[in-house]
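Number of protein chains: 4
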Amino acid sequence: MKEALTGTQLQAVLNQALAYTDKGKVAAYIPELAKEDPGQLGVSVCFPDGTMLSAGNVDVRFTLQSISKIFSLIIALCQNGQKHVFERVGKEPTGDPFNSIIKLETIKSHKPLNPMINAGAIAVAGMIQGENIDDRLNRVLDMLRKMTGNPAICVNEAVYCSEKSTADRNRALAWFLKDSGILTTDVEETLDLYFRYCSIEVSVKDIAHMGMVLAADGIDVQTGERFFPEEVARICKTFMVTCGMYNASGEFAIDVGIPAKSGVAGGIMACVPHRMGIGVFGPSLDEKGNSVAGIKLLALLSKEWKLGIF
Amino acid sequence: MKEALTGTQLQAVLNQALAYTDKGKVAAYIPELAKEDPGQLGVSVCFPDGTMLSAGNVDVRFTLQSISKIFSLIIALCQNGQKHVFERVGKEPTGDPFNSIIKLETIKSHKPLNPMINAGAIAVAGMIQGENIDDRLNRVLDMLRKMTGNPAICVNEAVYCSEKSTADRNRALAWFLKDSGILTTDVEETLDLYFRYCSIEVSVKDIAHMGMVLAADGIDVQTGERFFPEEVARICKTFMVTCGMYNASGEFAIDVGIPAKSGVAGGIMACVPHRMGIGVFGPSLDEKGNSVAGIKLLALLSKEWKLGIF
Amino acid sequence: MKEALTGTQLQAVLNQALAYTDKGKVAAYIPELAKEDPGQLGVSVCFPDGTMLSAGNVDVRFTLQSISKIFSLIIALCQNGQKHVFERVGKEPTGDPFNSIIKLETIKSHKPLNPMINAGAIAVAGMIQGENIDDRLNRVLDMLRKMTGNPAICVNEAVYCSEKSTADRNRALAWFLKDSGILTTDVEETLDLYFRYCSIEVSVKDIAHMGMVLAADGIDVQTGERFFPEEVARICKTFMVTCGMYNASGEFAIDVGIPAKSGVAGGIMACVPHRMGIGVFGPSLDEKGNSVAGIKLLALLSKEWKLGIF
Amino acid sequence: MKEALTGTQLQAVLNQALAYTDKGKVAAYIPELAKEDPGQLGVSVCFPDGTMLSAGNVDVRFTLQSISKIFSLIIALCQNGQKHVFERVGKEPTGDPFNSIIKLETIKSHKPLNPMINAGAIAVAGMIQGENIDDRLNRVLDMLRKMTGNPAICVNEAVYCSEKSTADRNRALAWFLKDSGILTTDVEETLDLYFRYCSIEVSVKDIAHMGMVLAADGIDVQTGERFFPEEVARICKTFMVTCGMYNASGEFAIDVGIPAKSGVAGGIMACVPHRMGIGVFGPSLDEKGNSVAGIKLLALLSKEWKLGIF
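Here the protein sequences line up with chains W, C, G and X, keeping their order.
Remember, this note's numbering sits 821 above the position in the first sequence when you count from 1.
Remember, this note's numbering sits 821 above the position in the second sequence when you count from 1.
Remember, this note's numbering sits 821 above the position in the third sequence when you count from 1.
Remember, this note's numbering sits 821 above the position in the fourth sequence when you count from 1.
Chain W extracted, bound-state conformation:
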C-alpha cells in the first residue's frame, strides 16, 4: 500500500481539500480555540514500517479534544474490564449532538449511550483509577508518549483553563450522571481530569502514530510492544465507525468508511486496519463539530487509495 501513496500525491490531495477550509468556522465556545486560523490544514500518514508522509501545517500543535475519548476509554477498559465499563456507559450511537443531555433523562437506565459523547466520556473519566488526579492524567499521557515516541506530549495549560472556565454544559452533564449514580467520583475533580485529557497537545504526526497503533491492533509494529489488548483495539475501532464523528458518524462511515475520531480543535485521528494511521488537522469545523477540510481530505484519500473498510 505504502508504495502507492507518495508525498507528492498527499500534497496534491491536501491542496484539493484546502479549498474547503473556508466552508466552516473554528470552535467559538472555547476562547482559546477561537483564536486559531481557520485556513490551516495539515496531514500525516504513518505506515506499519514506521515511515511517515506529511503535507501542509504539520508542525502546528493542537489539542486532542474528543480524540482523547478513545484513549481514556482504552485505559478505563484496561483497568476495569468490559463488564464494569459497559454497565456504566452504552455502546449505541445516539443521533444527538455531542453535548446533548436529553437521553440521560429519557433512557430508563440514565446511562450515557456511548463513550464518544461528552456524557459518556465524563463517565469514563470517572472510572480511571490512580493515586491522585495527576496520576490519573498520566495513565493516558504516558501511553500516548510511548505510542508516539514523543515524550514532550503534555497538557496545554491555556486551553485547559479556557475549557474549565467555559464548561458549564459539561458540568450539567456530570451532575446528572452523579445524580443517576453513574458517576461515583468527585464531580469537579472528574471534570478537571476530563478537561485535561481534552487539552493534551499533539501534532498531526503524533495522532498518525496513534492511529497506526490502533490499525495494528494495539502494538507498535516496529518494536512489537503492545500498548493494549487486541480486544480493546477492536472495541475502539468499532466505536470510531459508529460514533467517532459525532452525529455525522453514519454519513462519514458511508462516504469515507475509515474508522476515525474527531475533536473540536480540528483534529481527526483515522486508522486503516493494518495499513496506516492518519492524522489530520483543520480547525475550520462544520455544524456538527468536525473539520470540514479534514473530512474532505480523508474522503479523497479513501476514494483514490481504496481505504474504506466496507
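No lab work stands behind these hints, which were simulated from the structure alone.
There's no promise every hint is true.
To be verified - Computed cross-link-like contacts, DSS-like style, restricted to lysine-lysine with a CA-CA straight-line distance of at most 30 angstroms:
#1 C:K929 - W:K856
#2 C:K844 - G:K1124
#3 C:K904 - W:K929
#4 W:K1127 - X:K1127
#5 G:K1109 - X:K929
#6 W:K1124 - X:K904
#7 C:K929 - W:K929
#8 C:K904 - G:K846
#9 W:K844 - X:K904
#10 G:K1127 - C:K1124
#11 X:K1109 - C:K1109
#12 W:K844 - W:K1124
#13 W:K1109 - W:K929
#14 G:K1124 - C:K1127
#15 G:K929 - X:K929
#16 G:K1109 - G:K1124
#17 X:K1109 - W:K904
#18 X:K929 - W:K1109
#19 X:K985 - G:K985
#20 W:K929 - X:K846
#21 C:K1109 - G:K929
#22 X:K1109 - G:K929
#23 X:K929 - W:K904
#24 X:K985 - G:K929
#25 G:K929 - C:K904
#26 W:K929 - X:K929
What the hints assert, rightly or not - Per the computed footprint, the stretches of chain W lying under chain X, defined by three or more beta-carbons under 8 angstroms from a beta-carbon of chain X, are:
#27 852 to 863
#28 876 to 882
#29 887 to 900
#30 1012 to 1018
Note that CB positions come from ideal geometry on N, CA and C, so glycine has one too.
Guided by the hints, dock chains C, G and X onto chain W, whose structure is given.
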C-alpha cells in the same frame, strides 16, 4: 363563608381524607424527609377576620419545599420587576416532571418554562438581591414571619443539609442554566440559597396565614399592611392554578379548582380569593409529588363549600 | 358591569388594538385561511341580559377551528361522562405546539395530554356518538345554533375541503391514537368529523353568545334554557384557562386572566364568569397561532374593566 | 475459510445457541408472527464457491420484515441515485426504537435519520419506481429470486394482510412524512408496498445467498452476474453495521462485528466481506426486536472463526 364551615365539619372532612394517607409514599430522595410518618394529616383554615380553624396534626413542623417557590418569586418580582424576571423564566406550564431537564435543551431560548419547576425556581433564586446569602435568605424569611405573625419561622438545618447533599439533579439544572446565560450568579451559592428557601420550616397554621394574604391580594386584612403589590399576588395565584401542583396542575384545576402550591414535604398552601387561606400537611405523596390525602381533603372542601374559582 | 362599558369605549379599545394587526401573519397552512385580509379586527360583547356591543368587522364570517374543541368536548362529556372521556384524554397543559406528536410517544399511557391540542380533540371527536357522521356533526351544530339563536350556522365547505386536503399531520396524530387504542373509531371518518367541527362558520356575535352561555355556567340567562350541566361548563372554563391559548395559555392567564379559546382562523371566544361573553376576530396570528390584535384587545379590556378572574 | 468451518461444527454452534431461544418472545403485534414456535433456530452459511452448510430449522419459511429494507434501498439507489435518495432519508443511526416518531418532529429537516428504521424505509418505498404497485413490488422480488436462484420466493399473503391490518403506527409515520413533503406518493399505496416487501417469504438458505451477494459486493461469484453496483453494496454493508440491528446495532458491532440486518420475524442476514453470507432464523426476540438465539449464534461463529470486520 366562615359561618358555613365549622371546626366539627373540618374535622369530619379530615377524617374522610385520612383514609388516603396510605395511598402514597413519603419523599424518599431527601433522607430527612424519608423519616416522616406517612399517616399524618393536618389542616388549618384562615379567614379574612384572622380567625382560624384547624384539625389533625396541626403542630407538626415541616419544610416548605416547592411552596417556597411562590415567595422567592414574590421577592424577585418586587426587586426586579416583571420584565426582568420574565425575560429569564417563562409563564407556561410544561407537562413534564418538576425536575425535568429536557425542555431546557429543546426550547430555543433555553429559558425554564415557568418559575414553579425546579429549573425556574433556581433561576428565580439567582435574581434575589441582597448583600450576601444570609441577607438574600432573610428577604423571604422576614416577609414570611410578618405574614404569619410567627417570628420563629426559620430554616431547618438538618433538612437543608440533607437537601444540599442529595441535590445533584438540581446542580445539573443550575449548571445548564449557567451555560445558557439564564443564571449569572454563582451556581453553588444560588443552589445554597434555593435549598434554604426549600428548607424553611412551617406549620399548617403558618401556610394558612400565607394563603390568606394571597387570597387578600397581598395585604393582611386585619392590619391593612401590604406585603406585596396586588399585581404580584395576581401573578402568583395564576401560577398556582396553571403550575402549582407540578404536572398534575391541570387535573387539580379541574377537580378542585383552588389556586394552590404543593411541596414534596407534604405541604399544600391554597387560597380561596377573598375568602380563606388553607394550609394542609400530609407527607404521603402521589407519583407526581403531591400529598395524596391533602389533595383529597381539598377536593372534599372545595366540593362541599363551593370553593373552586371556575 | 354592562353600564360600565359603552359602545364608544369598545370602539376606542378596538382602535388601539388595530395597530397590532400587522404584527402577525394569517395561517398559511390551510389555503382557504391564507386568503384572509390580516388587517381585519372585530369584537362583540354579550351581556347576561342578552344585549350586545360590537365594533369593527362584526359581520365577517370565519371558521371556529380550535374553538370548536370546547363544544365537541361538551358533547363528548354529556354523552359519555367524565370517567370515559378522561380515561382517553388527559387534563394537563403540555408546553408543546398544538400539533406536536412527541408526547404521544413519550408519555407511558400514550394518552393526549388534554382535549385542547389536536391529538386530544381528535380523540374527543372519536367519542361523539350518533347514527352517522352527519348526525355526529349535528350534535355540535344544533347546540351552537340554539346557544346563539342563529339557525344559519353551518360548515364552510370550502374551508372544510381545504382543511381535509392539507391535514396530513393530523392524520399522523390520528393513526398514532388508533395504534395506541385511544381512538377506536374509523380514522378517516373521525378526522372528517374533526375537520367539519373546525370548519363551522360563525361571526364574532355568535361566539360572544357562546361565551356568555359558558359565563352563565351552561344556561341561556334570558330563557333559562340549560344547554349542558354546570359541571361541564366548569370543566370547559378550566381548560380555557390552562390550555385555551395553545402553548401561550400560561402567559395569557397571567397577562389577561380571562378564560378563552382561540382558533387559527383568528377567532377568540372568551367568557367572564357571570358577566359577559366576548367574541373576537383578527386573522393575523402570532407564532403560536393566536390572534395578535385579538389578544391585545382582550388585554386592554381586561385591564381597564377588571375582567381577570385572578 | 470454508475449509475451516464444517457442518459438524456449525451444528455444535447451533446447539449452544439453542439454549437462548427461551430468553425472548415472538413478535406479538403482528398476529401471524405471534403464532411462531419460539423454540426454532436455523442457520445456513453460503460460501463464495456457492456451497452451503446448514443446521437446525433450515426449511422453515419466514418473512423478511426489516431485512427487506436493504433490498428496497438497493432498488431505490439504483433507480434514483444517491443524491435523490439521501436528500429524503439520512445516514445516521438514531439510538431510538425502530418505530419511533419523535425525531421526525425534533429534527429540523423532518427527514428520517436512516433507511433502516421504519420511517426511513417507508420513505424509500415511496421512491421505488414502476408502472404500478405490482411492478414496484417485482423490482425487489425479481432481484431476490435471481440472487438466490429461487424463483419461488413470493409474498406471504396471510402475513401481508396481518401486517396491513395492524400497522397503525406505520401509518402515523407515513402521514408525518407526507406532511413534511418527504413522501410524495400516495400514502396507503406506499404502505401497501412497504408491507409487501416486509412479507416476502424466505428460508435461511435464501438469505444466506443474499448475504453472499452482498459479501461479494453485488455479484454472484459463481456466474459473475452483477445485481447492483459495488458502491451500492458498500452503502448497504455500512448501514448494516451502523443501523442494521435496530437500536442494538452499536452493541452488535462491538460484540459480533459482522454487517447484519435483522427482522422481527426472527431472521438475520449477515455478510462477512468476500468470505460468506449467513442466514439465521430464530423467532424468539429480545426487547429491541432482534433474534436472541440468532445473535448468540452469530457471536459464537464470529468469535471462533474470527469473522468480525473490526
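Note to self: Next pair to validate is K844 (chain W) with K904 (chain X); report whether the Cα-Cα distance is within 30 angstroms.
What the structure shows: holds (20 angstroms)
Notebook entry, point to check: Does K985 (chain X) pair with K985 (chain G) here, judged by a C-alpha cut-off of 30 angstroms?
Noted result: holds (24 angstroms)
Check: Between K1109 (chain X) and K1109 (chain C), is the straight-line Cα distance small enough, at 30 angstroms or below?
Finding: holds (29 angstroms)
Next item on the list: Quickly compare the C-alpha distance for K929 (chain C) and K856 (chain W) to 30 angstroms and report which way the hint goes.
Entry: With a Cα-Cα distance of about 27 angstroms, the restraint between K929 (chain C) and K856 (chain W) holds, given a limit of 30 angstroms.
Next item on the list: Starting from K1109 (chain G), check that the Cα of K1124 (chain G) is at most 30 angstroms away, please.
Entry: holds (23 angstroms)
Next item on the list: Would you mind confirming whether the straight-line C-alpha gap from K929 (chain C) to K929 (chain W) stays at or under 30 angstroms?
Entry: Holds. K929 (chain C) to K929 (chain W) sits at ~25 angstroms (cutoff 30 angstroms).
Next item on the list: Could you grab the alpha-carbon distance between K929 (chain W) and K929 (chain X) and see if it respects the 30 angstroms cut-off?
Entry: holds (26 angstroms)
Notebook entry, point to check: Are there three or more residues in the region 887 to 900 of chain W whose C-beta lies closer than 8 angstroms to some C-beta of chain X?
Noted result: Violated: only 0 residues of the region 887 to 900 of chain W have a Cβ under 8 angstroms from chain X.
Check: If you draw a straight line from the CA of K1124 (chain G) to the CA of K1127 (chain C), is it 30 angstroms or shorter?
Finding: OK: K1124 (chain G) and K1127 (chain C) at ~27 angstroms, within 30 angstroms.
Check: Is K929 (chain G) within 30 angstroms of K904 (chain C), Cα to Cα?
Finding: violated (37 angstroms)
Checklist line | Hint consistency between K929 (chain W) and K846 (chain X) [alpha-carbon to alpha-carbon, up to 30 angstroms] | finding: Holds, at about 21 angstroms.
Next item on the list: For the pair supplied as a hint, K1109 (chain C) and K929 (chain G), confirm whether the alpha-carbon distance does not exceed 30 angstroms.
Entry: holds (14 angstroms)
Checked against the numbered hints given earlier, this structure breaks hints 2, 3, 23, 25, 27, 28, 29, 30; the rest are met.
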